[in-house]
Amino acid sequence: MLSLLTERFSSGVFVIMNAFTQVMGIIWRLLPFGYLWNLVPYDRRRTIFPLLLIVPTVIIILMVVLYPLGYSVYVSFTPLNMLRYEKTFHFEQSTMWRNYERLKDDEIFIRSLKNTILFLAVTVNTEFVLGLLLSQLMARVTWGQGLLRTILMIPMMFAPVLVGFQFAWFFNASVGLVNNAMTSLGLMQLNDPKPWLVDKPTGMIALMIASIWMNVPIMTIILLAGTLSLPNELYEAAEVDGAGFLNQFRHITLPLLRPFILIALTIRSLDVSRAYDIVRIMTNGGPAHRTEMIWTYAGRMAIRSNRYGMASAISMAGVILGILFTLYLFRQLVKSRVVY
Amino acid sequence: MLTNAVRPYRRLRQTIYNIVAFTILIIGALPAVWIIFTAFRPGNEVNIRPAIWIPHRLTLDAFEKLFGGNTDVAAAVPVRSYMWNSIRVATLSTLIVLILGTMAGYAFSRFKFRGHTLIFLFIMLSRSIPGVALSFPLFLLMRKYDLVDTVHGLAFVYVAVNLPISVWLMDGFFRQIPPELDEAAYIDGCGYWTAFWRIDLPLALPGISAAAIFAFLASWNEYQLASLITGTPDAKTFPVGLYDFTSQFTVDWRGMCAMSVLMIIPAVVFVLLTQRSMIRGLTFGAIKG
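Protein sequence lines correspond, in order, to chains A and B.
Going left to right, the first sequence walks through residues -16 to 323 as the working numbering numbers them.
Going left to right, the second sequence walks through residues 18 to 306 as the working numbering numbers them.
Extracted from the complex, chain A is given alone in its bound form (with noise of 0.2 angstroms):
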C-alpha cells in the first residue's frame, strides 16, 4: 500500500521535474550562449565545457566559504574588538601572533580542544560500532523490512536543534524524563533530582548521547545497504566451510564493506561541526566550561566579550580539526577505490 503510494507520488515527482527541464532548456536557448560557444575552438570544448559547468559552483563557494574564512583568518592576527572597532582593527608584524600566543596558555582553551577531540571521538567510534551491529542485525530481519528502515530513519528527520532541545529536556533536572523514570521505577527519591547536564561527567556523556542519538541512522543505513549488495555465494561457501558467525563477519563482511564503511565515516565526517547546534542549546559550554567545545568557546568569545580576534583564533582550530579529519577519510577513500 505504502510503496504504491510513493510510486505514485514520486511519479507525480517526475513529472514536474520534467517540466522544470523542459522550462530551463527554453531559457537557456533564449540566452545568447550559443554563439559565445560557437567561438570557443572544437578541439578545446572538451576541456572548456566541465570547468563552465563547475564555475558557478566555485564561484559560490568561494563567496560564502572562503572569502569569509580568509577574512576570519586576517581578524585571528588583529586584537579586534567590537567595541573599540577603530581603534582594534588593525595589523601590526610584532603583535600578530598575540591572540594565538595567549591561546597556548589559555586553559580553559586547552580544555575545550579536549572536550572536542574527546567528544568526537566518542561520538563518531560509538556510531560506527553501533551502526555495524545494526546493519548486521537488520540484514538478517525477514519480516517487515521497510517498516523497520522508516521507524530507523526517524531520528533523521529531527533538526539538531530539536535534538538539542529535546535531550535537554529529557536530563532537565526538575522536569526531566530521565529523572521521572528513574523515580517511577523506583532508583531515585523524589526530593532529590541528579542534575545531569550539570555534574561533571554526566553533562559530557549526556551531550554524547544527543549526538550518537541523532547520527546512528545515517550510519547503519549506509551499512545496510552495503551489507546487503554483498554476494551471497560468499556466504554460503563458508557455510559449507563451517565457518560460524564471527568469522563470516571478520573475513568476509568486513573486508567487503570497507568501501561503505569509509563513505559513511566521509559523510559523518562532513557534519562534524553540526553538533554545535546541540552543545549550544544542551549546555552551552556548561557550567565553569565543564563541557566547552571550540565552537562555543568561540562563539561566547565574540558574542559576550566582543573580542573577534581572539574568537577566530579559536576557532581556527576547529577548521583545522575539521579539514584534517576530512582529508584523512578522504584519502582512505581514494586508496580503497583503486583497489576496487
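Since the hints were made in silico from the structure, they are not lab data.
As the structure is a computational prediction, the values presented were derived from the model and not from experiment.
Every residue, glycine too, gets a C-beta built ideally from N, C-alpha and C.
A portion of the hints provided could be inaccurate.
[Unchecked claim] Restricting the straight-line Cα-Cα distance to at most 20 angstroms, the calculated cross-link-like pairs of lysine to any residue (SDA-like) are: (1) A:Lys177 to A:Ile192; (2) A:Lys318 to B:Met141; (3) A:Lys70 to B:Leu157; (4) A:Lys183 to A:Tyr54; (5) A:Lys87 to A:Leu101; (6) B:Lys129 to A:Asp26; (7) A:Lys183 to A:Leu96; (8) A:Lys318 to B:Ile136; (9) B:Lys161 to A:Phe72; (10) A:Lys318 to B:Phe139; (11) B:Lys129 to A:Tyr25; (12) B:Lys161 to A:Leu96; (13) A:Lys177 to B:His133; (14) A:Lys87 to A:Phe60; (15) A:Lys318 to B:His133; (16) A:Lys318 to B:Arg192; (17) A:Lys97 to A:Arg85; (18) B:Lys129 to B:Ile194; (19) A:Lys70 to B:Pro154; (20) A:Lys318 to B:Val268; (21) A:Lys87 to A:Ile303; (22) B:Lys129 to A:Lys87; (23) A:Lys97 to A:Ile303; (24) B:Lys161 to A:Lys318; (25) A:Lys177 to B:Val268; (26) A:Lys177 to B:Asn64; (27) B:Lys129 to A:Thr30; (28) A:Lys183 to A:Leu217.
[As the list claims (entries may be wrong)] Residues from chain A that face chain B, not an exhaustive set, calculated with beta carbons under 7 angstroms: (29) Val47; (30) Ala104; (31) Ile137; (32) Tyr259; (33) Ser298; (34) Leu307; (35) Tyr311; (36) Gln315.
[What the hints assert, rightly or not] Every beta carbon over 10 angstroms from chain B, so not counted as near; a handful from chain A, in silico: (37) Pro15; (38) Leu22; (39) Arg29; (40) Ile44.
Got chain A; can you put chain B on it based on the hints?
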C-alpha cells in the same frame, strides 16, 4: 536442505533476530515518540513530577494555541511567518543547489580535466569548515549587501552550504549512467550541452530527487547560520523560532513539541517517499570508483 541440517534451530533463531531488531529500534525511536505525544497532551500533564506516563486524553490545544485559534490574545509565537519563511528559504536554496550541483556533478563524473580531484576536494572541504569561523565575516558581508534578515540572503548562504553534498550525490548518480549513451549522442550530432540536457539529466532524475531531499532538509533544519543572519519574523525560520518558547528560567515544552511536530511533517513525507533512491545515491560511489 543442507543449512537446516547444519543449523537445526534456524526458524527459532530467525524469529529471535526479528524480535530483537524491532525491539531495539522501537526503543531507539521512543524519545521521538515522546516528543510527538507531548504535543497532543493537555498542558497540565506535561511538566509534572512524578510523571504521568500514559496521557489521560489527547487534545489539539497546543496547536490551537500555536495558531492563535481560540485564545483571546494573539499567538505569542508567529508560527505562520516562520513556516512561510522556512518554506521559502528551503525551496529557493534547493532549486539553486539542484541546478548548480547537477551541473558540477556531471562535470566531475564525465570529464577528465586538469585539477579534477583537487577542485572536488576543495568543494568537499568547504563543507567541513565550522560555521563559527565563518559567522562574523559572513555577517559583515551580508550587511554590506543589505542581505541581513532577508529570506534570499539566507537562501544564498544555504546554497553554498548544501552544494558539496549534492555535488557528491550527483557525481555518484551520473556515474551509474553508462557513458556509451553520451558517446552515441555525440556521434548523432549532439553537443555536450544537449547530451547533458536530453540524455543524462532525464536518466538521473531519481538521483536529483534524492539530492533535492537532502538539500531541502538541510536548509529546513539549519540553525546556526540562520540564527546569525535572521532576527525578526520577517526572515526567521523554524529552528530559530524554537527559541521563542524559552524564557529566562522556564521553557514551554508543550508549545515547543507542537512546533516540532509541524517541523517534522515535511521531513517525514520526503524521507518516506525517497528513501530508496537516497540510499542508492549515498552508497553508489562505493561500488564503482
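Hints versus structure:
At roughly 17 angstroms between alpha-carbon atoms, lysine 177 of chain A and isoleucine 192 of chain A fall within 20 angstroms of each other, so this suggested pair holds. In summary, the hint linking lysine 318 of chain A to methionine 141 of chain B is supported, as the alpha carbons are separated by about 17 angstroms, within the 20 angstroms threshold. Between lysine 70 of chain A and leucine 157 of chain B the CA atoms are separated by roughly 18 angstroms; this keeps the pair inside 20 angstroms, and the hint holds. Between lysine 183 of chain A and tyrosine 54 of chain A the alpha-carbon distance is near 37 angstroms, which puts this suggested pair outside the 20 angstroms criterion.
A distance of roughly 19 angstroms separates the Cα atoms of lysine 87 of chain A and leucine 101 of chain A; the hinted pair therefore holds under the 20 angstroms criterion. A distance of roughly 14 angstroms separates the Cα atoms of lysine 129 of chain B and aspartate 26 of chain A; the hinted pair therefore holds under the 20 angstroms criterion. Between lysine 183 of chain A and leucine 96 of chain A, the direct Cα distance comes to roughly 17 angstroms. Compliance with the 20 angstroms bound is thereby established for this hinted pair. About 18 angstroms separates the Cα atoms of lysine 318 of chain A and isoleucine 136 of chain B, which keeps this hinted pair within 20 angstroms; it holds.
For a cut-off of 20 angstroms, the pair hint linking lysine 161 of chain B to phenylalanine 72 of chain A stands: about 17 angstroms separates their Cα positions. As the CA atoms of lysine 318 of chain A and phenylalanine 139 of chain B are separated by approximately 18 angstroms, the hinted pair is consistent with the 20 angstroms bound. As the CA atoms of lysine 129 of chain B and tyrosine 25 of chain A are separated by approximately 16 angstroms, the hinted pair is consistent with the 20 angstroms bound. Of the supplied pair hints, the one linking lysine 161 of chain B and leucine 96 of chain A is violated, its CA atoms being roughly 33 angstroms apart against a limit of 20 angstroms.
Note on lysine 177 of chain A and histidine 133 of chain B: the hinted pairing is violated, with a Cα-Cα distance of about 55 angstroms set against a maximum of 20 angstroms. A hinted pair counts as satisfied when its Cα atoms are at most 20 angstroms apart, and lysine 87 of chain A with phenylalanine 60 of chain A qualifies at roughly 15 angstroms. Proximity of lysine 318 of chain A to histidine 133 of chain B is assessed by CA-CA distance (about 16 angstroms); at most 20 angstroms being required, the pair is judged to hold. Note on lysine 318 of chain A and arginine 192 of chain B: the hinted pairing holds, with a Cα-Cα distance of about 18 angstroms set against a maximum of 20 angstroms.
For the given pair, lysine 97 of chain A sits about 17 angstroms from arginine 85 of chain A by alpha-carbon distance, which is consistent with the 20 angstroms threshold. Between the alpha carbons of lysine 129 of chain B and isoleucine 194 of chain B the distance comes to roughly 16 angstroms, so the proposed pair stays at or under 20 angstroms and holds. Between lysine 70 of chain A and proline 154 of chain B, the direct Cα distance comes to roughly 18 angstroms. Compliance with the 20 angstroms bound is thereby established for this hinted pair. Restraint check for lysine 318 of chain A and valine 268 of chain B: not satisfied, since their Cα atoms lie roughly 50 angstroms apart, outside the 20 angstroms limit.
Restraint check for lysine 87 of chain A and isoleucine 303 of chain A: the C-alpha separation of about 16 angstroms stays at or below 20 angstroms, so the hint holds. Proximity of lysine 129 of chain B to lysine 87 of chain A is assessed by CA-CA distance (about 45 angstroms); at most 20 angstroms being required, the pair is judged violated. Distance hint between lysine 97 of chain A and isoleucine 303 of chain A is fulfilled; the C-alpha atoms sit about 14 angstroms from each other, no more than 20 angstroms. Between lysine 161 of chain B and lysine 318 of chain A the alpha-carbon distance is near 44 angstroms, which puts this suggested pair outside the 20 angstroms criterion.
For the hint pairing lysine 177 of chain A with valine 268 of chain B, the CA-to-CA distance comes to about 19 angstroms; that is within 20 angstroms, so the pair holds. For the given pair, lysine 177 of chain A sits about 16 angstroms from asparagine 64 of chain B by alpha-carbon distance, which is consistent with the 20 angstroms threshold. Under the criterion of a C-alpha separation no larger than 20 angstroms, the hint pairing lysine 129 of chain B with threonine 30 of chain A is consistent with the structure, at around 8 angstroms. For a cut-off of 20 angstroms, the pair hint linking lysine 183 of chain A to leucine 217 of chain A is broken: about 49 angstroms separates their Cα positions.
Given the 7 angstroms rule on beta carbons, the hint for valine 47 of chain A holds: about 3 angstroms separates it from the nearest Cβ of chain B. For alanine 104 of chain A, the interface hint is violated, the least distance from its beta-carbon to any beta-carbon of chain B being 16 angstroms, above 7 angstroms. For the restraint placing isoleucine 137 of chain A at the interface with chain B, the shortest Cβ-Cβ distance is roughly 5 angstroms, inside the 7 angstroms limit, so the hint holds. Hint on tyrosine 259 of chain A holds. Least Cβ distance to chain B is approximately 6 angstroms, under the 7 angstroms limit.
The beta carbon of serine 298 of chain A comes within 4 angstroms of a beta carbon in chain B, closer than 7 angstroms, and the hint placing it at the interface holds. Interface hint at leucine 307 of chain A: violated, since its Cβ lies 9 angstroms from the closest Cβ of chain B, which is beyond the 7 angstroms cut-off. For tyrosine 311 of chain A, the suggested interface contact is broken, since its CB lies about 11 angstroms from the closest CB of chain B, more than 7 angstroms. At about 12 angstroms, the closest approach between the beta carbon of glutamine 315 of chain A and any beta carbon in chain B exceeds 7 angstroms, and the interface hint on this residue is violated.
Consistency note on proline 15 of chain A: stated as away from chain B, and its beta-carbon is indeed over 10 angstroms from all of that chain's, at 14 angstroms minimum. For leucine 22 of chain A, the non-interface assignment is confirmed: its Cβ lies about 14 angstroms from the closest Cβ of chain B, beyond the 10 angstroms cut-off. Arginine 29 of chain A, annotated as away from the interface, has a beta carbon of chain B within 10 angstroms; the closest lies near 7 angstroms. The claim that isoleucine 44 of chain A is not at the interface with chain B is violated, since a C-beta of that chain comes within 10 angstroms of its own (minimum 5 angstroms).
The earlier numbered hints that this structure contradicts are 4, 12, 13, 20, 22, 24, 28, 30, 34, 35, 36, 39 and 40.
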